[in-house]
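Undergrad: Sequence:
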Amino acid sequence: MISLSHTVQHNRIRDRIARRLSEFVEARNLGEIMIEVDFRLGPDTVRNPDVAFVGSDHLRLIDVERSPVEGAPVLAVEVISPANSAQDTARKIHQYLHSGCASVWIVYPSLRLIEIHSGTGVSKVEEPELLRDEKVFSGLSLSLHYIFDGLKE
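In the numbering used here, the protein residues as written are 299 to 451.
Note that these hints are calculated values from the structure, not bench results. Keep in mind that the hints are not guaranteed to be accurate.
[Unchecked claim] Restraint ranges, calculated between C-beta atoms of paired labels, are given here:
hint: 1; residue 1: 396; residue 2: 447; range: 21 to 29 Å
hint: 2; residue 1: 385; residue 2: 439; range: 27 to 35 Å
hint: 3; residue 1: 380; residue 2: 355; range: 20 to 28 Å
hint: 4; residue 1: 321; residue 2: 346; range: 17 to 25 Å
hint: 5; residue 1: 385; residue 2: 308; range: 15 to 23 Å
hint: 6; residue 1: 366; residue 2: 386; range: 23 to 31 Å
hint: 7; residue 1: 426; residue 2: 398; range: 31 to 39 Å
Here a beta-carbon is modelled for each residue, glycine too, at the ideal position from N, C-alpha and C.
Could you build the full structure based on these sequences and the hints that come with them?
TA: Following this line, the structure appears as structure tokens:
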């Protein structure tokens, strides 16, 4: 089986999200944003979110020389591509939330939509709305226009 790499558009969206989150997290010394790092969510489950946020407390326990990272990130972000099935996406959301993630963002580039999943439900964000996730990042707002097009507002 041949494993295909991500598209340029996928990587652009991932990088824009990671950049904005890194700026926010670093300015407040909240922890670290990680790109495509393996996390062991359970004995037989390892996931590799496109973007992840690990809080300061968890970060202190991580052996940065080992992979996968033990335990779930606070936030997992998955950028969906045509190759992702609905079943696999639902499975990922379930695994992230049941292993301790506070929030999972599912980014749909073709729909220009982001779903925010948490233990209390799901919300959808579409343009011109700003993405806010007070459960994880109090005070953060991200422009979907920037995320999808790279344009600042």
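Undergrad: Starting from the hint list further up, note which numbers the structure goes against and sort them upward.
TA: Hint check: 1, 3, 6 fail, others pass.
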